[in-house]
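For the sequence shown, my numbering begins at 1 and goes up steadily by one.
Careful, some of the hints might be misleading.
Quick list of the computed label-pair ranges, beta carbon to beta carbon [stated by the list, open to error]:
#1 Gly73 with Gly31: 31 to 39 Å
#2 Met103 with Gln30: 46 to 54 Å
#3 Glu47 with Ser83: 14 to 22 Å
#4 Phe27 with Lys112: 49 to 57 Å
#5 Thr64 with Val105: 18 to 26 Å
#6 Ile127 with Thr106: 36 to 44 Å
#7 Leu57 with Thr126: 16 to 24 Å
#8 Phe27 with Ser110: 42 to 50 Å
#9 Arg7 with Ser108: 38 to 46 Å
#10 Asp85 with Leu36: 14 to 22 Å
#11 Gly46 with Ile109: 43 to 51 Å
Everything labelled a hint here was simulated from the structure, so no lab data went into it.
Think of the CB as a built atom: it goes at the ideal place given N, C-alpha and C, for glycine as much as any other residue.
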Amino acid sequence: HDEMILRRGRTVMGINDYAYRYEGVSFEPQGGGKTLVTAQIELTDGEAVDTVEPTILATDTGGTSRPIDVMDGKFRIRLTGVSADERDIRLEILPSLAEEMAMPVTASISTKPGISLLWLACVLVTIGGLVAARQTVSPAKGGDAEDPLGKKS
Numbered sequence: 001h002d003e004m005i006l007r008r009g010r011t012v013m014g015i016n017d018y019a020y021r022y023e024g025v026s027f028e029p030q031g032g033g034k035t036l037v038t039a040q041i042e043l044t045d046g047e048a049v050d051t052v053e054p055t056i057l058a059t060d061t062g063g064t065s066r067p068i069d070v071m072d073g074k075f076r077i078r079l080t081g082v083s084a085d086e087r088d089i090r091l092e093i094l095p096s097l098a099e100e101m102a103m104p105v106t107a108s109i110s111t112k113p114g115i116s117l118l119w120l121a122c123v124l125v126t127i128g129g130l131v132a133a134r135q136t137v138s139p140a141k142g143g144d145a146e147d148p149l150g151k152k153s
């Protein structure tokens, strides 16, 4: 993901060989301290021109925005910020949805070498505890075993 700052009325060449021009911004109060901010942006690859209006739902603590397709879905942009004087906006350039879905996801699997010893120790402690509990409950077998309470039978 790449980010770029656009200044109103100026054309900027983007990382992906497209020219971006920030035309203006509008604000629509939504109630509850929320405002829908819409930027007007023109993009061109030198031949085709696409006019898009990415939005951000601004709140007192920040905002949320969704990427929109541009240039017939070749890539996506998302409005991530507007300066207080409305002179500059910040855009995030994202790959197309199809490209993003095709990207491999990196996963790492780690194994702890001593974990089987830990499990073995747990099992042995449990077995030992059960054997000790069983010996305490049932009287010892054999000759003149003394009762732990000192009573004679």
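Each hint, compared with the structure:
Look at Gly73 against Gly31: about 33 Å separates their beta carbons, and that is inside 31 to 39 Å. Hint check: Met103 to Gln30, Cβ distance near 34 Å, so the stated range 46 to 54 Å is violated. Checked against the given bound of 14 to 22 Å, the beta carbons of Glu47 and Ser83, roughly 31 Å apart, lie outside it. Separated by about 54 Å at the C-beta atoms, Phe27 and Lys112 satisfy the suggested range of 49 to 57 Å.
Hint check: Thr64 to Val105, Cβ distance near 24 Å, so the stated range 18 to 26 Å holds. Range check, Ile127 to Thr106: Cβ separation about 42 Å, and the 36 to 44 Å hint holds. Taking 16 to 24 Å as the suggested C-beta distance range, the pair Leu57 and Thr126 does not conform, at roughly 55 Å. Our hint of 42 to 50 Å for Phe27 and Ser110 holds, since their Cβ atoms are close to 49 Å apart.
Between Arg7 and Ser108 the CB atoms are about 42 Å apart, so this pair conforms to the stated range of 38 to 46 Å. Roughly 19 Å separates the CB atoms of Asp85 and Leu36, a value that falls within the hinted 14 to 22 Å. Roughly 47 Å separates the CB atoms of Gly46 and Ile109, a value that falls within the hinted 43 to 51 Å.
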